[in-house]
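Given these sequences and hints, build the entire structure.
So that you can map any letter, position 39 of the sequence shown is 39 in UniProt numbering, and since no number is skipped, the others follow by simple counting.
Please note that the accuracy of each hint is not assured.
[As the list claims (entries may be wrong)] Straight line, CA to CA, 30 Å or less: simulated DSS-like cross-link-like pairs of lysine-lysine:
1) 140 x 21
2) 91 x 21
3) 140 x 81
4) 81 x 21
Rather than coming from a laboratory, the hints here were simulated on the basis of the structure. Quick caveat, the model's predicted, so the values are computed rather than measured.
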Amino acid sequence: MADVSAGRFLAVRLRPGQELKASLLELSAAFSACAVVTCVGSLRQASLRLANADRHRPDEVRHFDELLEITSLVGTLGQGKGHLHVSLADKDGNCFGGHLLSGQIFTTAEIVLLELPDLNFRRDYDEATGFAELQVSRSKL
Numbered sequence: 001m002a003d004v005s006a007g008r009f010l011a012v013r014l015r016p017g018q019e020l021k022a023s024l025l026e027l028s029a030a031f032s033a034c035a036v037v038t039c040v041g042s043l044r045q046a047s048l049r050l051a052n053a054d055r056h057r058p059d060e061v062r063h064f065d066e067l068l069e070i071t072s073l074v075g076t077l078g079q080g081k082g083h084l085h086v087s088l089a090d091k092d093g094n095c096f097g098g099h100l101l102s103g104q105i106f107t108t109a110e111i112v113l114l115e116l117p118d119l120n121f122r123r124d125y126d127e128a129t130g131f132a133e134l135q136v137s138r139s140k141l
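What follows is the structure, encoded as structure tokens:
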């Protein structure tokens, strides 16, 4: 059964040199549950964990030190924790993506978040996956 919540949109612009994931986690500390609705912008550096990572190889990471266009950013955030996936395009238009570990803003990141005040997002370690996975509950009113 899905949990339902009305929402409130928040908009934020990150500036050159700011760290994308750290900034979003800091912002999300004030909220019990948020979802990333959209993000456009660019990065000068990014670190991604790719789809081949699992509990036996959780640290397989690719680092990119080049100018990259953010074509998509999605994820769940809450209480200063989150799970973010990003799609990026390089100077030749080649797209790639993965689990966002870090990213330094080049020119801008224009982000819209949806706060879900009736929900609480928590992350608990899951034996089956080897990662902290999302747990959703109703917020206490």
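Hints, one by one, checked against the model:
1. 140 x 21: 27 Å, holds
2. 91 x 21: 22 Å, holds
3. 140 x 81: 19 Å, holds
4. 81 x 21: 10 Å, holds
Hint check: no violations occur; every hint is consistent with the structure.
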